[in-house]
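Undergrad: Chain by chain, the residues:
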Amino acid sequence: MVNPILIIGITLGSAFLIGIVQAFRPRWTGWIFYPTLVFDFLASAVNLYGFLSGSIGKPIMVKIGGFPPPVGINLLVGKAEAALGTLIFAVALLGAYHWGRRGFPQPQGKIMVLFLLLALGAAGISFTGDFFNLFVFVEITSIASYGLVASSRREEALEAAFKYMVVGSISSTFILLGVVFLYKATGSLNMLDIGGKIAGGFSSQVLGLISLLILAGLLVELEVFPINGWALDIYQGADPVVVALLAGAAVKAFYLVYLKTASYLALPSFFKLSLIFGGGTYLVSQFFAWRQENARRLLGYSSVGQLGLLILAGGLLLSPSLPASSRAMVLAAVVLLILNHSFSKSSLFLLADNVKGEKLEDWKGVLSSSPVFRFSFTTSVFSVAGLPPFPGFWAKLLLVMAAARFSPWLVALILAGALAEVVYYFRFFYLVSLGDKKAEVGNNLLAPLVASLFLVGAVPLAYKMAADKLSLTLPGGVLVLLGLSLLVYLLGFSRLLQWLASLGLVAYGAYLLLPFLKADLSGFFLGLILAGAAVLLLATYPGAKNLSSSFYPAYLVVVFSMAGLVLSTTWFSLFVFWEIMSWASFLLINMGRGKKAAWIYAVLSAAGAYAMLGGISLLPSPYISSVKSPGPWLALLLSLGFLVKMATVPLHIWARDAYGESPDDFTPLLSGIMSKMGVFGSALVFLYVVINLSSRSSFNYLLGWAGVLTAFFMTLLAVFQEDLKKLLAYSSVAQVGYILLGLALFTPLGWTAALYHTVNHFFFKGLLFVAAAGIVYRVGTSYLPHMGGLIRRMPLTFFASLLAVIALAGVPPLSGFAGKWLLYTALIEKGWIFIAVVAFLASTLAFLYSFKILHAVFLGQLQEENCEVREVPIPVAVVEIILLIPLVVLGAFPRLILDPITRVLGKVTALGIPDLKYTKTLGVVSRLGHWNALFLMVFFAGAFILALIFFALTSARVKLVGQMDVGYSGEVPRSPEDLHFGYGMYDHFRRAVKWLIYPLATRVWRGIYEALGAVAEMGRRIYTGDTNTYAAYVIGISLLILLIFKG
Amino acid sequence: MWAKILYAFLTLIGGIAYGLLLGGISRKITARMQNRRGPTVWQNFIDLWKLFRKKTAISHGVMFYLAPMFRLVGGAGTFLLVPVVVGSPYLSNFSFGGDLIVLMYFMVLGCLGMALGAAESGHPHAPIGVTRGLSQMAGYELPFILSVIVLMVADKTATLEGIVRAQQGGILHWHLFTHPFAAAAAFISLLGMMTSYPFQVVLAPQEIAVGPPTEYSSTFLSYMFSGRSVFAVAKYLLFMNLFLGGASNLLWAFVKTFAIFLWPLFITNVFPRLRLEQSVLFFWTWPTFLGLVDLLRIYLVR
Amino acid sequence: MRKWFALALLIVLGFFLAEIASSFPFGQEKWGVSKHYVDRGIEENRGANLVTSIVVNYRGFDTLGEVTVLFLAATALAFLLSTCRCRRKYRRWDASLILKTASETLYPLLILFGAYIFIHGHLTPGGGFQGGTVIASAVMLMLLSYFSFHPNHRALSTTEGLAGLAFVLIGFAGLVWGGSFLANNILPLGQWNRLFSAGVIPLIYVAVGFKVGAELSGLITDMLKATKEEE
Amino acid sequence: MAFFVSSILLILIGLYAVLVKRNIMKIVIGLSLMDTGVNLLIISLGFIRGRTAPIINTRDLLVNTSSKVVDPLPQALVLTAIVIGVAVTAVALSIVMLMYSKKKTLEIDEYKELKW
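Residue numbers (the working numbering), protein chains in the order written: chain F, 81 to 1127; chain A, 275 to 576; chain B, 20 to 250; chain X, 113 to 228.
Careful, some of the hints might be misleading.
Here chain B is said to cover these stretches of chain X; the calculated rule only asks that three of the stretch's residues, wherever they fall, bring their Cβ under 8 Å from a Cβ of chain B [stated by the list, open to error]:
#1 134–144
#2 148–155
Partial pick of chain B residues on the chain F-facing surface, computed with a CB cut under 7 Å [unchecked claim]:
#3 A92
#4 G190
#5 F191
#6 V195
Source of the hints: derived by calculation from the structure; they are not laboratory data.
None of the values given here were measured: they were computed from a predicted structure.
Positions of the beta carbon are idealized from the N, C-alpha and C atoms, including for glycine.
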């Protein structure tokens, strides 16, 4: 144990000493400055360790002057204070190091004194146990801040400092008046003493007003809306290092003391006050940041918002009706939020210090400038936005769970704010990752790197805290695999090694997870994931490709998080893996050409995931398999996330570009397997959530329509798509629409259809995307009109694609037909005939694009520039062949999959097994009809071969001619281009269905986004920048607080 | 089993011949309506023989080479999946292979193969024709599906046999009369299927020279030709089974299919041609409406 | 508009402040923790001036903070103005003879008076802050009189720093020998109402006096220097 | 009572300057006035009618002190508050000087670069 007074005394002494040394040997000041900070940090850390390890049992009470509490001043350092002290000095050390490397402004001794005393003031605020002493430390902090904010001596900095000073003076006047009145009312200045008196029944008619006076002063310092204009100005105008210290450390001390004051003064209305101001600040700030073009101000809005969230959590803590278990959750959330925000925001501001210019545009291309920058930035943005696996994510999880006990509206508020945060942070991320050229970036990156490493290091701690509080268990094997996946990053010097390691890891994963491969729903999907990932990974053979070094780690994380997802037994666990999967896939998509697509994907994913989290928080039991009947709305909320991943209309707007412009090696996984996680999730919802029969039918019918409309519209859009991968993207989404439809039927037959199609879709769409990757790799473009005639150059790929397309179109005798047959049979059996009509029509439309894929790529005229194109690389060809086999085999023997599905469905007690019989002559027999797959295959193949032989024997001499050698009305075509019909192939049809393909959803979503953005921009204007106005806000809001909450 | 295959083979030959004959008849009737003498009704047999006997054949590649086989096998397969005479051990062909859903998808196979082969020819008219054909298919398929679903739901079966059995017991039990709107929708969509006027833009002999098979000649064309003929017969048979109560013997089959054959023929000669988008929109409005009427009826009654 | 709005706000604020203040009847006896200071102050500290006892001992930690605040202000000001090119017309000549003569006479007296105040802080009204301020006013007087008057900057810094250190060290001495920071039991308390009494209180007040004097002097000098036009 | 009223009025006058005046110096002066008002208010809160200053320099004050002197604590507090007020004012003035040196104006309207 280190006596906290030592920290304060020694720091003060050093500050005075620096003052002397500065006068004689300015250069030596550093020799006092840094060791002092290190000492402070270590001393606080030792105390924190003492508390955590239990060697310090109760809070350390320091009686200054030896007087017992009410008489003298005392410091009271408990666990929270020790932790906060450690945090403050850690951030201060980082900032000091960073500033020192960049060079302190001269005279440096002075700035060091200010810096040291700012940190000390913040620590003092949290340590002190006396109200007047609190005021003194508040002033120390404030004055040091005024000086530091102005320290860059830029006009903006001075303006910000001045505003801060005016507002800060008013706020400290309130605090001072409150403290003195408090003394007058209670006869004491000691926090514990006053708290004891109030708890003991002391009351006074003005006690409420007095307390509110103090709290209002503290709320100003806590930057609540709308009295935070000054704070935003500081974030924008002051030196980033100073901002890092203020936002990362000083404000947190104010937060702690706010909580302490509120709980000592214990007025019943305090928790409402905190909830209202915290929630309001949180939501409004996250929202106002939407169209912010100044990077630093954007970060400022984010800081203010995070602080709002903290205050909201504080409100929960102050609430008398919060159950004890939830209180523990909120406490853990607060700790994690503070940790998360301090380090991520320090890191971001210190990074901002390295970027020239403040506009978001100036940040373009910084991500490609240096790997350290990229790592720190990504980590910090992820953690500040509350994404897994960083502490912010767990904090959000805990907070939402606790808030759900309180009110669903609070959950909605928290999640809405979190969503808004994702919107603008990933807009930032998207702008930052734009740009081909490297931006010029400073190399003062150690401090941000350390901060972000700290965030990474805090992950296990955060996980443990959350897991304890939520009784959350994640499958250990999967966690190990996820960890190992990240280690693959270390092999970044060689892609080939990474590839090999990935293959090995998938194999190891399969070995590790072997016991889970049972004949149930999880096992079914697990098998698909592991086998599929292994095959698709094979095709990503790096060769001479320009893959990012984080491609393979992210790929593996996606794979194993999917494995974890299907193995989850609680909704928490499912949500955690769901988020990991989403964000890892976001990173992968962002590595491709479509940065904006990745952003839209991120936003919609987050929206879905948060809806899901909201739903989970309202569920009575977190166990997936415990049946619940909460009604259709909750089920819809839960399934939104899954619907987004399945890109169900109208949530599909991300899919085209995200699929089309993601790295070619990732798209097969995205389409073939990842979209199936949505299927898995909705299957769970159908099975375990909507149990009430009357609501089930309407819910299912709704989702049935959603599925079939997805199939219809996406198919239609695919017809007019001129980009190979985007066409396949639409097609993929449409196919998943069928799967959703099958699930929504909720009959054994419908589920059989859905599960069959799930597997089969992986085969043919995986094949097509792998082939597309190979083609794009060889041809160098994904634009269909630039291809054509490639059958001559890549016959194998043509053959594979041909079979895949036949399966895709659902034409017998290949495997695709089974899914269609089962689905239609199920639809008619269930009596959903209108849906059946649309489904039929959609699959007819699929023929249109099926032909387009084959024609525009492989048939027609070979373009001149593609004459030298070679067949796809060998690994791709191998994968094509591997995926080809099941298409044919399943075409003849669909029972190879139907039987396992029947067994899986047998486990799912709510459904029962499908009413299918198998006979030799009629094949598969349903109640409606029958279909003999083997016969069709044999018949077709036999007849085909027979006809071929007959033809070969009887036909005349066959002469092969060149591609330009066609009967063309006497004209002589000059180049293959003249003869190729590869652009606007369905223009005539488009004229007929113009009204159906109007991009309504995109326009509506964009309209909503832009309307909200415009509102945000209007709303932001309340920050007029005028000092008088800000002062008026402060006084007005304080009065409002007094008026409303005094009761 | 072998006997069955033999019968199937014979039926197939008969089907091809019948198809060719119907083609000849249609040419003759058209000519007469236009005040021409026209070719003999056997002209199609003569053409086929001539093509088959050509000395050389020009090929543009593998897919081009295989397409006629796709076409023939697709057409023949469709034909064989439709029972000519329901219940007859031989004339019901291979209808055990699958129900109506299977049939409707199998029908596409031949067209798809042919389309791909034609597209490989490198002649731009071929894919233009194909895309037109596919688009038109998207048009007429909607009313057709509607009426098929009406029948399936009404009869609670998806097999052709079941549907035929449901129509037994007098002419008034034919679906043509029990579900007149659905039947009307289906028969209108038959016009699109047969690419007859006014829905003839797919082939458009004047501008794109019969579209898809434009580059085909000689033996290749003969295969295509026979495939096309038997495919047409298969469609007539299908309609017969769906709406006209099937056939109890071969004679009835001839009569009924001939009647169905006459329907597009009469339409085709008195209408101008529609543009593609007009056809599609036409199919998606009136016949669809008719189909929906019966569907709604079924839905509400159920 | 803006004025009326401000007035409205202020009226409401005034109402609230009045409501709180009026609940404490003016001039009536109401003792809280300070009853302890009044009743036992002499016994515990021997300082005749109870306010000083409180400022330096009972709430000595506040005073340490207060000293720090002043130090901070001086540092911040010196830092900010160190590069300021606040060009403004400033006279370059000395003041009138009357002022100069008076200043020369008053300067040592004022310093002496200041010292007296802070040395007797524990006995009479006043103390370190007051004394320091008087000393600074002497310096200001000289600055106003003589254009070329420059207090030694290093000396000021050193005084300021050493005085601050002294305060902290006295505090630590209390921690080491007296059991707690700033404990007033390491020196004999002496007799009530004597100069050498009250333990460490006079020592601290002397340090504070030096510190405040040096700081305020430095503050004034820095501000004045910043406005001087550069040659 | 008059002490309360006048010191609260002083606070309000200072705040009025902060809210309404467009000149930076006047705003700083307003803050200073406000501080003064607060200090006066604190002092007057500690006053007890008919008592003497809490300086025990005569023997009769030594006994039964609490019935003879005013409350010393507010006086001690106000000492601190005054010094802090001075410090804030000093920093404020230095910032104002720098601001003036950059833009050569004290109009607050000129200092609205940071907004929205």
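Undergrad: Taking the hints in turn, state whether each one holds.
TA: Evaluation of the provided hints:
1. Restraint check on the segment 134–144 of chain X versus chain B: 0 residues with Cβ-Cβ distances below 8 Å, three needed, restraint violated.
2. For the segment 148–155 of chain X, the stated coverage by chain B is violated: 1 residues have a C-beta nearer than 8 Å to a C-beta of that chain, whereas at least 3 were required.
3. For A92(B), the interface hint holds, since its Cβ comes within 7 Å of a Cβ in chain F; the closest pair sits about 6 Å apart.
4. Interface hint at G190(B): satisfied, since its Cβ lies 6 Å from the closest Cβ of chain F, which is below the 7 Å cut-off.
5. Nearest Cβ of chain F to the Cβ of F191(B): about 6 Å, under the 7 Å cut. The hint holds.
6. The beta carbon of V195(B) is not positioned within 7 Å of any beta carbon in chain F (closest approach about 11 Å), and the interface hint is therefore violated.
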